[in-house]
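J.: This is what each chain is made of:
2 protein chains.
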Amino acid sequence: MSFSFTLMATDGAARRGEIVTPHGAVQTPAFMPVGTQGTVKGLTPEAVRETGAEIVLGNTYHLMLRPGPERVAALGGLHRFMNWPGPILTDSGGFQVMSLSGLRKLSEKGVVFRSHLDGAMHELTPERSIDIQALLGADITMQLDECLKLPASPEEIRRAMELSLRWGERSKRAFEARAREGYGLFGIVQGGDDMGLRAQSAKALTEIGFDGYAIGGLAVGEPQDVMLAVMAETAPALPAERPRYLMGVGTPLDMLEAVARGIDMFDCVMPTRNGRHGMAFTRFGAINLANARHAADPRPLDEQSAHPATRIYSRAYLHHLVKANEMLGQVLLSAINIAYYQALMRGMREAIAAGRFEPFRSATRVQWEQGDIPPL
Amino acid sequence: MSFSFTLMATDGAARRGEIVTPHGAVQTPAFMPVGTQGTVKGLTPEAVRETGAEIVLGNTYHLMLRPGPERVAALGGLHRFMNWPGPILTDSGGFQVMSLSGLRKLSEKGVVFRSHLDGAMHELTPERSIDIQALLGADITMQLDECLKLPASPEEIRRAMELSLRWGERSKRAFEARAREGYGLFGIVQGGDDMGLRAQSAKALTEIGFDGYAIGGLAVGEPQDVMLAVMAETAPALPAERPRYLMGVGTPLDMLEAVARGIDMFDCVMPTRNGRHGMAFTRFGAINLANARHAADPRPLDEQSAHPATRIYSRAYLHHLVKANEMLGQVLLSAINIAYYQALMRGMREAIAAGRFEPFRSATRVQWEQGDIPPL
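So the protein sequences, as listed, match chains A and B. Residue numbers for the first sequence, in the numbering used here: 1 to 376. Residue numbers for the second sequence, in the numbering used here: 1 to 376.
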């Protein structure tokens, strides 16, 4: 199989599509669970598959430090290493260099940083990032970009956007030099909350030409209306025949609004991280299972869910596992939450295909706003 | 189904049998994974089943404190609460009152203790223990006994053994009063390392009459030869037509020697606890996966294992998960270790049935003593 994107239906700005990769197809809108260190935390690949997920994300920053991309390659690549036979997207490492590593020195060439694990110095350039992602065997490779912390001055935002564009060009040359036929490379739109810069970035990236386009630098603490406005301006400026990926987003309602503005792909640690802290995402909104009101409740989180654990285990049992700090609580809630994210994607796909995206969106919002079913 | 034990074959003192309980059958020799707080740590019931386990153990001490037996009963019992449809044995709570709780006051009536969770005072008597285990819905109930810490004086050992016998009688009366037709109650032999006291305890318990007999007060730090000598003396003093359960044991080699001396059932936290700390139990002995020699090893732990995770994941991947402190490492190694314990039980069952227990025992010992396969 060779990388492709087929737009199958639209409903307003919302899109229903299919990405094909060397390791299989992905129906969009799609949510990618985050497999930071070669594992979606706590879940076997079978459990990830059971949530409905078709593609997972791997983090270049973590994997380059441990166990190292050359080792993963020697062991047959990331798919085989983690026993995930489906598609994998890897990020470029840039975002986590900025958020996790110590001492950083940014230059035109790339970024030199200190590992948060052992203090060793490493260099990440656009070319090295492409190299690492090829060693991992990513189906979808991301260009290295500079992820600014906001707020930043207009000059800083412009400088980082322009540097990211030059890195995008270098990434494309490096990717083509590796000649990984049938694999995909995505560019990343930057420009902060400046609509003009976002438009410039989108146009210049389109001219370079990528297999897909990500919107970066959002979900970094800005108000939701800013995020939505940037999306609404940026998505239409990208080629309709390529997938659009909103990085690091988000809550179910964020994703609903992003799809309404033309986004196709998402990743976020929220379902797994919040699951590890006792929170469930459901049709009825986010539910804190540590709350005593669940202690004696025999009902499952959602008896209509397609996911067995969501249907089978009582709220009382999940409450018990959370209160007792049992690993199984983290395992089950991680799976339950990813399964809800997947159900939401499936719901959006079906609604778009049927030309009913708007009613689906309102109904989903209403159900979230009404909140959880009342205690017994 | 009603509680029964069928002795299907013997080979020397080793026994191959079948226990039938209201929730299904258990082939013996059997190993019971420990589900302390209503979960075998980190494993879904499906994952427990995939190891080959047919019965799990629940801890009365933990469950009486949280979520409480009345709550579990209101939620449909422990089987439904934890979604484990197979047989469950519960301990009496006595051992963990002695090892985990604060302030204890022991009397003829029972034991008063302070919860390690919230400092609240609780009372556990033989009658209350039976009551709790009935509320949980245990297929096999254990009598309350006094578990002495060794070394203890001969007088102390005799006093505790005699108290345990009186508690055994009270347990039986309380169990019969609950009239749980078809469920089983086990007595517990005590007497420390004193063969005379062990024999007295076994004889008196047999006169009371139980559905099975456990040997308690072993695997509490005594040398292995003492443990084996007590077993060799005690097992034959128990009725041949009832199952014999060695509580809290042990290592694979301990279990091999115990079966050679007529034991049918085991439980131990070792496979899960050590798994959570990066140790794998395999045909080749115990393997510390944190060791750097596994870092680049593409081979699975045991390619001949019947358990998928044991066969599929590379040692390098498991090493990576352990070093990165990933939850999935704990999940996979817990399952891998229980699966090895089950494979050992299966191997013993087949060997006994075929009259080849001795060669199986020597071959297993030799393979453990030879240790792991050499590094690549």
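Hints may be right or wrong, so weigh each one.
[As the list claims (entries may be wrong)] Below, computed lysine-lysine pairings styled on DSS-like, alpha-carbon distance capped at 27 Å: (1) LYS105/B to LYS172/B; (2) LYS41/B to LYS109/B; (3) LYS149/A to LYS172/A; (4) LYS149/B to LYS172/B; (5) LYS41/B to LYS323/A; (6) LYS41/A to LYS41/B; (7) LYS323/B to LYS41/A; (8) LYS172/A to LYS203/A; (9) LYS105/B to LYS323/B.
Treat the hints as calculated values from the structure; they're not laboratory data.
J.: Against this structure, judge whether each hint is valid.
T.: Hints and how they fare:
no.: 1; hint: LYS105/B to LYS172/B; verdict: holds (23 Å)
no.: 2; hint: LYS41/B to LYS109/B; verdict: violated (33 Å)
no.: 3; hint: LYS149/A to LYS172/A; verdict: holds (25 Å)
no.: 4; hint: LYS149/B to LYS172/B; verdict: holds (25 Å)
no.: 5; hint: LYS41/B to LYS323/A; verdict: holds (14 Å)
no.: 6; hint: LYS41/A to LYS41/B; verdict: holds (16 Å)
no.: 7; hint: LYS323/B to LYS41/A; verdict: holds (14 Å)
no.: 8; hint: LYS172/A to LYS203/A; verdict: holds (16 Å)
no.: 9; hint: LYS105/B to LYS323/B; verdict: violated (44 Å)
The structure shown violates the earlier hints numbered 2 and 9.
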